[in-house]
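Enquirer: Same order as they appear, the protein sequences are chains A and B. Our numbering numbers the first residue of the first sequence as 1 and each following residue consecutively. Our numbering numbers the first residue of the second sequence as 1001 and each following residue consecutively.
I should point out that these hints are in silico values taken from the structure, not numbers from a laboratory. Check each hint, because a few of them may be wrong.
Between beta-carbon pairs, the in silico distance windows are [unchecked claim]:
| # | chain 1 | residue 1 | chain 2 | residue 2 | range |
| --- | --- | --- | --- | --- | --- |
| 1 | A | Q390 | B | S1136 | 53 to 59 Å |
| 2 | B | P1139 | A | K458 | 40 to 46 Å |
| 3 | B | M1132 | A | T423 | 31 to 37 Å |
| 4 | B | D1140 | A | Q390 | 19 to 25 Å |
| 5 | B | S1136 | A | G71 | 50 to 56 Å |
| 6 | B | Y1090 | A | Q390 | 23 to 29 Å |
Computed far set for chain A versus chain B, every beta-carbon distance over 12 Å [unchecked claim]:
| # | residue |
| --- | --- |
| 7 | E24 |
| 8 | D177 |
| 9 | K361 |
For every residue, glycine included, the Cβ atom is placed at its ideal position computed from N, Cα and C.
As a plain string of letters, each chain reads:
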Amino acid sequence: MDNKKTSPLQDDYNYKYGFETNIEVDAVQKGLNEEIIRLISSKKEEPEWMLEYRLKAFRHWQTMVEPKWSGLKYPEINFQDIRYYSAPKKKADGPKSLDELDPELIKTFEKLGIPLTEQKRISGVAMDVVFDSVSVATTHKEELDKVGVVFCSISEAIKTHPELVKKYLGSVVPYADNFYAALNAAVFTDGSFCYIPKGVRCPIDLSTYFRINAKDTGQFERTLLVADEGSFVNYLEGCTAPQRDENQLHAAVVELIALENAEIKYSTVQNWYTGDKEGRGGIYNFVTKRGKCAGKRSKISWTQVESGSAITWKYPSVILLGDESEGSFYSVALTHDYMQADTGTKMIHIGKNTKSTIISKGISTDKSSNAYRGQVKIMPSAQNARNYSQCDSMLVGAQSSAHTYPYIDVKNKTAHIEHEATTSRISEDQIFYLQSRGLNMEKSISMLVNGFCKDVFKQLPLEFSVEAVKLIEMKLENSVG
Amino acid sequence: MLEIKNLKAEVDGKEILKGLNLKVNPGEVHAIMGPNGSGKSSLSKVISGHPSYTVTDGEILFDVNFEPKNIIHMEPDERAKEGIFLAFQYPVEVPGVSNFNFLMTSFNSVLEHQGSEPLTEDEFRNYLKKKMEIISLRPDFLERGVNSGFSGGEKKKNEILQMAVLAPRLSILDETDSGLDIDALKVVSEGVNKIRSKNNAIVLITHYQRLLDYIKPDFIHVLYQGRIVKTGGPELALELEKNGYDGFLQ
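Please model the complete structure; the sequences and the hints are all you need to start from.
Expert: So, in structure tokens, the structure goes:
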């Protein structure tokens, strides 16, 4: 089963998504200034208000400094040395359907396991596919149209649903929120937009797939998801990038809004290129994800499997504004070689009887460093708020490190908060026990790790959970084997 | 089936087994007794390949494809797949992995090694049902994490169930009786007696005669300071019980 010689996973680093697509692109020159922002905005044929928003964000960004509190170690990023827009060249009249897409693009996504063409696409999941700076395809439009679900690229939404975009863009993550959020607001090029109308249970899962291809290009996508009263949506997000020696920046912003009785489940399997065995290259993943439970009894749940990127700086959070709203965060973060991950969540309780759950599982191997950083904040108005946090770390090998930074800030005495944390090392005795039952070393370790992550994996939709298990097993084989 | 010749082994640079000899044939039950620190548990770990132990001399010959083969360089999982089973004195907890998944993965890896097709979930469930008649466990047992939160008795029962499922040719039971009350001891012993056949062999490692009232051994060996110093029939256990190891070894 795990035969070393025949396993395709054993090769070199084996990031099977590390290839590059040769495709004609329309790109802007490197660097960041108002001119570039105007250029991006005009390329995207945006309305004036959008350009204004970008410029405000940019001017604010110029006054900010990069956050240093996380303790992540990386050389200074030269923001003038990044290309902020790169898009596959369109035919003069643009593709009318998915089948008219550039065959190179279709091939790329097929290689990634994401068939885009009508006859081959995955049933049951509608997809928006973002390639470098633009959304190249959205599937299952008709099916979604029938129930009134809007699912398209954010560029398109700016034109077709300006009232929704204007109302909600920046309403959860204002451009002044943090350095990377401001940068994103200034230069974001594409991303997905989704609106689920009142009372609609989205009939299929929605999914966005992000692919960074072009060299020296940053990816700054923006996702905005609004679930109107009483609606439900299951949203999945995946991502990959070619293998390169230079670091590439990915600074996304995701905003979720759940109105009264609405529920959003957002799952991510993050597998950006991690850099090589010596720590060269890889994606800097500086992402701001936040949801707002705006209405009563609304629910937002973040589930993430973070197994890629050289550096991950990411805290999917929930603002629990509506009374009786619920937020949850389920996370598995795996680091290997020289990867650094600083990830966690913020649960901000404002409404009465709000509830949050945090389950975080960190696994560090090799020389990597893995930190959970989370904040639970109970505001004075949050009568009877409840939080349960469990943060477990598992160390594999002697050179890796794990850190847990829980911040708890309670301003209402009726709050009920539980926090549990453990750190464990896979012991020789555990491995010997499994081996003595006929499982080889790799299988034993992956069984231990899967057991460790089970509470998170079971939150993922089935196909995603299978993929996540395989991904973790593959990474561990490389690290421990 | 198993022949140990002049086995010497150390852990952390300290020699524990100092020239041990033992021969076990199919269908036999051997009991290895001895005072604390005589090397009983170490012997079981060395046979099953625990990585902390280094064999410095001697051989462990085990029949592989009907030919005696020195297994000292084989990985623990390879030994397991050839039919060596160790029931742990302290079974390890594996949280988050269900007993069902664990048993099935384990069983199928042995099947695959033997060149057979692995069983499907349904097939395995049927197979397991029969095995669970040998030893009774709580109804929710299969869904619970391996040994996690189990009582001492449950852990030991689980070891015997694993033994029943894997159907090894050689089973080594390392102090399976320790920490068991009399009822649990009966259940465990009855399980072992049901698994016992003329094709498989059992090595019991124990301090006390008590277990041997339930599982009747063919041979008793006294292990002392890393060597077997005396071998005899069941009467030897009674003699030990009467005089203690001190009396016996003088």
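Enquirer: Is the Cβ of D177 of chain A more than 12 Å away from each Cβ in chain B?
Expert: holds, 36 Å
Enquirer: Has the hinted range 40 to 46 Å been met by the Cβ atoms of P1139 of chain B and K458 of chain A?
Expert: violated, 22 Å
Enquirer: Going by Cβ atoms, does K361 of chain A stay more than 12 Å from chain B at every point?
Expert: At roughly 10 Å from the nearest Cβ of chain B, K361 of chain A sits no farther out than 12 Å, so the non-interface label is violated.
Enquirer: At the C-beta level, are Y1090 of chain B and Q390 of chain A separated by a distance inside 23 to 29 Å?
Expert: holds, 26 Å
Enquirer: Would the non-interface assignment of E24 of chain A survive a Cβ cutoff of 12 Å against chain B?
Expert: The assertion about E24 of chain A holds, with a minimum of 49 Å to chain B.
Enquirer: Between the beta carbons of M1132 of chain B and T423 of chain A, is the distance compatible with 31 to 37 Å?
Expert: The hinted range 31 to 37 Å holds for M1132 of chain B and T423 of chain A, with Cβ atoms some 36 Å apart.
Enquirer: Check the following: the C-beta atoms of S1136 of chain B and G71 of chain A are separated by a distance inside 50 to 56 Å.
Expert: holds, 53 Å
Enquirer: Given the hint of 53 to 59 Å, check if Q390 of chain A and S1136 of chain B actually sit that far apart at their C-beta atoms.
Expert: With Cβ atoms ~33 Å apart, the hint is violated.
Enquirer: Between D1140 of chain B and Q390 of chain A, is the Cβ distance one that fits in 19 to 25 Å?
Expert: holds, 22 Å
In terms of the numbered hints stated before, the structure departs from hints 1, 2, 9, listed from lowest to highest.
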